[in-house]
Amino acid sequence: MDKQHITYPRNTIGKIPPCPVAPDSLQGIPRQQTNPARWQGEQWPAFVVALKQANIELRVAPHNTGTYMTDAGGLAYGKPHGVVIARGAAQIATLMQLAQQFQVPVTTRGGGLTTEGESVAFGGVLLDMTGMSRVLHIDKTALTVRTEGGIFWHLLAEALRREGLDYLSAPLNLTSSVGGTLGVGGIDVNSSKLGCSADQAIALQVVTPTGEIVECSDEMHAELFQRVILGYGQFGIITEATLRIRPYTPLRMHYYYYSSLRNAVEDLIHLDRTEACDYSGILTMMDRAITLLVAFDSDERETEFLNHHRQAVRGYGELPFAIRTAAYYAVRPWRVKEALYLYQRKRELFPDLQPAHHMQGGQMIDRTVVFSRAVWKHWGGRQMVIPDLASSVDKFVESVERGNAVCKKYFPHYTLYCVGIKLRADHKPHYELSCIPPDAEEWAYGCEFEPMMGDNSYSRDQLQSFKNEIYDIGVDLGTSYYRFGGMMKGYIRRALGDEMVEKHLAMKRQADPSMILNRHVIF
Amino acid sequence: MSHSNCHGCSLCLLSCPMWQQRRDVQYSPQGIFKALQHNATNDEIAPALFSCLLCGACDVLCPEQIDITDTIKTLRQTLFAKGGEIELRKNIGSLLTQPVAETRIEANTIILPGKALRSMPDTLTKIQTLLSNETHAAIATDDGDDIALALEAGIHISEQRRRNFLEPLQEARRLYISNAHLLRALHQWLPATALCALGYSLSQLGELTSKLKKSDLYLIEARSFHFDHKQKITHYDQLRYQQGCQTNLDLQCNAIPTAAGVLNTLQPALDATEQGNWILSGRNVQRIVVECAEDGLAMSQVTRQPVLHIADLMEA
Ligand SMILES: Cc1cc2nc3c(=O)[nH]c(=O)nc-3n(C[C@H](O)[C@H](O)[C@H](O)COP(=O)(O)OP(=O)(O)OC[C@H]3O[C@@H](n4cnc5c(N)ncnc54)[C@H](O)[C@@H]3O)c2cc1C
Ligand code: SF4
Ligand code: SF4
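Chain order of the listed sequences is A and B.
Residues in the first sequence are numbered from 1 upward in steps of one, following my numbering.
Residues in the second sequence are numbered from 1001 upward in steps of one, following my numbering.
The hints are simulated quantities; they were obtained by calculation from the structure and are not laboratory data.
Heads up, the beta-carbon is just placed ideally off N, CA and C, and yes, glycines get one too.
There's no promise every hint is true.
Below are the DSS-like pairs computed for lysine-lysine, each with C-alpha atoms no more than 30 angstroms apart in a straight line [claimed, not checked]:
1) K377(A) x K1230(B)
2) K1073(B) x K1232(B)
3) K377(A) x K1073(B)
Pairwise CB distance ranges (calculated) [as the list claims (entries may be wrong)]:
4) S1119(B) x Q344(A): 50 to 56 angstroms
5) A1081(B) x Q344(A): 42 to 48 angstroms
6) R460(A) x A1081(B): 49 to 55 angstroms
7) Q344(A) x W1189(B): 38 to 44 angstroms
Short derived list, chain B residues pointing at chain A, Cβ under 10 angstroms [stated by the list, open to error]:
8) L1061
9) I1066
10) T1265
11) A1269
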């Protein structure tokens, strides 16, 4: 199709436009939120010959391409024409030059933990970045690490921990990659203090969509740096990254329990504002059982919290909460099922949140291992539906409460996971058209809505409708989303406005003339 | 759970030495299973199948609880049965025709040390002394090295050979077995006998472990450890914190294996030096203590630091 003739629907923030699909289809699902059309491979044979001449290995067997059929979401399905395992910046640069020349789409994939198909290739080349996953240099004095872009955060942690060091913050998921995360965000339970992973990158080596290898940072090629960080892979492929690191510390954990979501969220915000703790987050089981996680890097910080801030936290300790909950259900015998669910959930989940061999002297040795394994065990599966809302502090309570109401409508059981993200004033340009909401100052807040699907099977339509309803809240409130790309890209214009999207589209067209790098994610 | 349950979470990659050396998903349980889900032939996945160390770390990690190592062994068997891997078959052939000893051993406790430990007679004598409590612990004359190799490679074991091997062991109440493949098989073949991993049993002797120092790297034998991870992790976790020694446990609490193993020696698919260096990387250790003799041999190739068997701590 001629790019000049594409017309985009114009909407204003805060208005949910009429559904552009047939009136009898599901409410609120515009056409672009289904799998994109597969690229038809017009110049594929010539491209394959050129790759071969350039000595780039391309795998085209069905079992090679089939390995990358979907992402962690398991709702988007697409097959590349061929797979390239990333082995170096020069190889990727050549790949991109040829891809531009032959107009072949290239989809970059790290851990493939997206849930809207952003790391799924609908034809073209799938570039598997995990082939570039070595730690290159650890600078113990400057507290920085240089690593290849496809490395899993967990493997980075393995290397750093041998030196008594640790990364600052990363997704609580062992198999997300550094490159995939810097382009998306990276939220940890310490992000309210240290910011998102993307803000910890000092410098990057990037292969641009036209195949140049460029080193960039806030000082060097700053504009490229700004676009690649939180840029959903639109402006370049991250082949190497220099990240800030820190001395390793185990965590002193405390859990406080609430039966009011609003109180828990307000307390979370208060703790972040007063810098009372080093880690914080909310994890819900149901409306009556909400957990506020609070943790510390040192005994001093823990003691300071207990002496000066604990009284401001309205949540209960485990025993008082158990007694209150038992009393509540004792006088409401018709809610026995709910009580049993809570009891069973506590019995199954809690031991996995503090397994003996990952604890020492009451301290948690590695939060990511513990939380990530619990996530996969208790929430994981073939389909992972995790819509989210990312808002300013002011809109957060409402976002969470409205999202909670939507969850209740669709699923008997679900979990909300809320965390704060400290923002860097000097990184405002990085945040444009990203998961960081434009109106957020100092902190942004994110809430993920995760159904517990268990052995129940839900239709794709039902799951899609659920996601749409959550995302619609964002349009209504003018928030952003952690996962607005891929099948949800229709929301970007609606939530962030045409002007912003057009500005970035113009930059994208300039940087990527054939519009081949990570298509269908944003543009 | 079978390979069709793999949903591609990649968790199995994290402790997989085969993947870590290649950084290519084809060489991982995920790659093998996804390929099978897309109709790959056994020949197409053969290179990965035969690069696997069968260390069992992936079994512990898989949230779908797929029995990965058993699946890989079964796939190897199928491949051999169909006449694949001709070179490997040639190499293994001579090792399988071992002389067979049929003499029954008159002992309640028998030790099956394996080839490497047999070549360390002093250490073996110490092990014998350490494990002879109420009754004398005898050393098996036939410790089934060939059977262990066949199990690892996925080669058919004749019924007669299996019977000959088991016959002398029938009367024993307790067996200490060094080879983890053999240990797993014996659980099926001799269900009534108490079967103990040799290294793990030695690591439970306070008289030995009390001699571990902070500057030691203690190497847990990965295969039998992962086979029974839930029970053994508590023991090794206590060991490392009580003695203050370092171990080869990674952040997932899986044991990083050496590339030792007969199959990898015959047809090296993984670089033993790279594997050894990864175990040592970033560590400041003055001595390496192993509970498996093969691991000791592998480590002594990559370090100048002394490498000794845990049983040798008896003297230290
Ligand atoms: C179970 C589960 C738990 C999660 N928990 C968290 C959490 O706690 N915190 C959090 O922040 N997120 C979380 N996420 C989201 C996920 O971690 C992020 O999407 C993640 O950081 C993506 O990393 P990845 O390597 O998987 O990237 P991919 O999914 O592979 O890719 C993400 C995007 O970046 C592009 N890309 C990939 N690699 C590169 C590269 N090298 N250069 C340029 N572009 C690239 C891709 O094309 C794609 O558009 C979770 C997801 C799941 C499924
Ligand atoms: S057994 Fe070990 S080498 Fe084999 S796939 Fe599993 S983790 Fe990898
Ligand atoms: S851990 Fe299990 S489910 Fe996950 S990719 Fe590996 S084999 Fe598949």
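- So which of those numbered hints doesn't the model satisfy? Violated: hints 6, 9, 10, 11.
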